[in-house]
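Okay, here's what each chain looks like letter by letter:
Number of protein chains: 2
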Amino acid sequence: MNKVIQLNNRPVGKPVLDDFKLIEENFPTTKEGEVLLNTIYVSVDPYLRGRMSDSKSYVSSFELNKAIQSAIIAKVIESKHPDFKSEDIVIGNLEWKEYQTSNGKTLTKIDKNTANLTVYLGVLGMTGMAAYLGLTEIGQPKENETIVISGAGGAVGTIVGQIGKLLGCRIIGITGSDEKVELLKSKFKFDDCINYKTNTNLATAIKKSCPDGIDIYFDNVGGKISDAVLSNINKYARLPVCGAISLYNTTEVSVGPRIQPILLTKSATMRGFIVGDFIDKFPKATKQLSTWLNEGKLIYTETIADGFENIPKAFIDLFDGKNIGKMIVKI
Amino acid sequence: MNKVIQLNNRPVGKPVLDDFKLIEENFPTTKEGEVLLNTIYVSVDPYLRGRMSDSKSYVSSFELNKAIQSAIIAKVIESKHPDFKSEDIVIGNLEWKEYQTSNGKTLTKIDKNTANLTVYLGVLGMTGMAAYLGLTEIGQPKENETIVISGAGGAVGTIVGQIGKLLGCRIIGITGSDEKVELLKSKFKFDDCINYKTNTNLATAIKKSCPDGIDIYFDNVGGKISDAVLSNINKYARLPVCGAISLYNTTEVSVGPRIQPILLTKSATMRGFIVGDFIDKFPKATKQLSTWLNEGKLIYTETIADGFENIPKAFIDLFDGKNIGKMIVKI
Numbered sequence: 127m128n129k130v131i132q133l134n135n136r137p138v139g140k141p142v143l144d145d146f147k148l149i150e151e152n153f154p155t156t157k158e159g160e161v162l163l164n165t166i167y168v169s170v171d172p173y174l175r176g177r178m179s180d181s182k183s184y185v186s187s188f189e190l191n192k193a194i195q196s197a198i199i200a201k202v203i204e205s206k207h208p209d210f211k212s213e214d215i216v217i218g219n220l221e222w223k224e225y226q227t228s229n230g231k232t233l234t235k236i237d238k239n240t241a242n243l244t245v246y247l248g249v250l251g252m253t254g255m256a257a258y259l260g261l262t263e264i265g266q267p268k269e270n271e272t273i274v275i276s277g278a279g280g281a282v283g284t285i286v287g288q289i290g291k292l293l294g295c296r297i298i299g300i301t302g303s304d305e306k307v308e309l310l311k312s313k314f315k316f317d318d319c320i321n322y323k324t325n326t327n328l329a330t331a332i333k334k335s336c337p338d339g340i341d342i343y344f345d346n347v348g349g350k351i352s353d354a355v356l357s358n359i360n361k362y363a364r365l366p367v368c369g370a371i372s373l374y375n376t377t378e379v380s381v382g383p384r385i386q387p388i389l390l391t392k393s394a395t396m397r398g399f400i401v402g403d404f405i406d407k408f409p410k411a412t413k414q415l416s417t418w419l420n421e422g423k424l425i426y427t428e429t430i431a432d433g434f435e436n437i438p439k440a441f442i443d444l445f446d447g448k449n450i451g452k453m454i455v456k457i
Numbered sequence: 127m128n129k130v131i132q133l134n135n136r137p138v139g140k141p142v143l144d145d146f147k148l149i150e151e152n153f154p155t156t157k158e159g160e161v162l163l164n165t166i167y168v169s170v171d172p173y174l175r176g177r178m179s180d181s182k183s184y185v186s187s188f189e190l191n192k193a194i195q196s197a198i199i200a201k202v203i204e205s206k207h208p209d210f211k212s213e214d215i216v217i218g219n220l221e222w223k224e225y226q227t228s229n230g231k232t233l234t235k236i237d238k239n240t241a242n243l244t245v246y247l248g249v250l251g252m253t254g255m256a257a258y259l260g261l262t263e264i265g266q267p268k269e270n271e272t273i274v275i276s277g278a279g280g281a282v283g284t285i286v287g288q289i290g291k292l293l294g295c296r297i298i299g300i301t302g303s304d305e306k307v308e309l310l311k312s313k314f315k316f317d318d319c320i321n322y323k324t325n326t327n328l329a330t331a332i333k334k335s336c337p338d339g340i341d342i343y344f345d346n347v348g349g350k351i352s353d354a355v356l357s358n359i360n361k362y363a364r365l366p367v368c369g370a371i372s373l374y375n376t377t378e379v380s381v382g383p384r385i386q387p388i389l390l391t392k393s394a395t396m397r398g399f400i401v402g403d404f405i406d407k408f409p410k411a412t413k414q415l416s417t418w419l420n421e422g423k424l425i426y427t428e429t430i431a432d433g434f435e436n437i438p439k440a441f442i443d444l445f446d447g448k449n450i451g452k453m454i455v456k457i
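If you read the sequences in order, they're chains W and S.
Taking my numbering, the leading residue of the first sequence gets 127, the next gets one more, and so forth.
Taking my numbering, the leading residue of the second sequence gets 127, the next gets one more, and so forth.
Hints in this document: simulated from the structure, not taken from any laboratory.
All the given hints hold, so there is nothing to weed out.
Copies of the same chain look alike in the list, so a pair counts if it works inside one copy or between any two.
Below, in silico cross-link-like pairs of lysine-lysine (DSSO-like), each with a Cα-Cα straight-line distance of 27 Å or less:
no., residue 1, residue 2
1, 407, 268
2, 361, 231
3, 407, 392
4, 361, 410
5, 392, 140
6, 313, 323
7, 323, 333
8, 410, 392
A quick note: this is a predicted structure, and the numbers were derived from the prediction, not measured.
Model the full assembly from the supplied sequences, consistent with the hints where possible.
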């Protein structure tokens, strides 16, 4: 039998294990023009929370009692498709199933000799695209500018910080544990990093770490952390909004200080995006990120959970900040 | 003696007459290299409220017991400056004084044969620049798009709406009286207009007037009106923030629904600006606006108050929406 994880309930507030259910279904049969895939790595990402609600979000909502989808790396174990052969490794937006068939339309073959296949879910995947394109296209960093990154220890944050350094900027991270603060400063070479959980006056702490103000705020979290950052932005600041993880699980509309007066007095630009907005720039981004990766200028860290049945727990752990870097489930 | 209006108190909340004082001072003497000016028209603008506070705003705060400044049209009545002669008409950022001297550095000569000199405070002045450049540079309207304008009956709003129509867009205004609703639809050819004071559910009213959603929101007011608009924006919406008149007089930080989740799910861009941000584009804007004006494609309306001592009242009236179009004081 084939294992499948479905959406059992639409989460109210923070997702719980009972919002998911593991079922078994018949093993799929491969039709002409299809491939049979065996899941190897599953990406769990905060944005999936939006698709679990019934509201309009980035993309259509997941259906109840249907398999959830995310970015997945899989191995072709049977091919009745001319473009794929057995043992090929592919990436695509696939279902949380151990085995599944695909007509190949949304699959991309990846080099199976890559030392670490998960790089295609991280630096060379949507994570890297969001980091590089959000920062360069919206943030438009100039040398010696100050960049503040919230969710700095996450998949996107760790990459944004390094890219900012490579582009000559001063990088300040905001994260949720002293362990992450230390790691971001030592391993990822952030100029400074703030633990938002232990700093009672975050706006003041940010001001201290950013004596020249903030030119770019790469926002992964929203909420009160962002309020504190916004009170320190410079004239003509750019504010890419990549995520709002602090708000994904709120059950009421979150309220906070209105930001229009700040944007107005600072002539600042705030822009939300998803990576798909920049699809025409993926080749350029991939080329640059690969180069930096090969030159050893860009490093990454991953949090790997183990086992198909642990996908929901890994996903839920994102909201407790239990990951450092990209959260991936190895099947 | 020369009449002067000074800042008497920093307003708390909505400005009152007592925040200003009319004093008399000695008549100025004109030194070598200076001109003596007689004030003809004084522009009163909502943004001046920011300069009356002690906080950082667009520009430096006005000083207590010093004359207030704004855009003023004046006549040269004596010149000891090679570039100006008696009877020249000039515009500049000048003081609320009946007579004043200037070294001419910030003065611009205007054509004294212009039928209506006040056009240089309105359509061909900072008002027109803000409307044209905010809409075209940030809003980037495309034919058949829907533009919503708050503060639609004000100086900037009436011009933004007409420019939007000239560029082939559908224009929806939001304003504060049935009289303005009627005028905006009949005289300024807005496609629809909503009275925010009489519509109990503004978001629903906006949705009804914008069946295809909102592509551009030209925001002059901020606050709850903007909340209602934002709940109806389309993917890739552009949101120029030109003013926030509903928030200028608040005594506490105004709170409202956080907008980051909306910007994120809609890949929308919100950008604050002041006209000075686009100074290099003033000649292009002036040329286009003059052309439309001469062709009769752009019309304007003004609210003219009378008498030097009435400048403070005219300014205060802005916050009650007593003006239609540009508010000007004729001296």
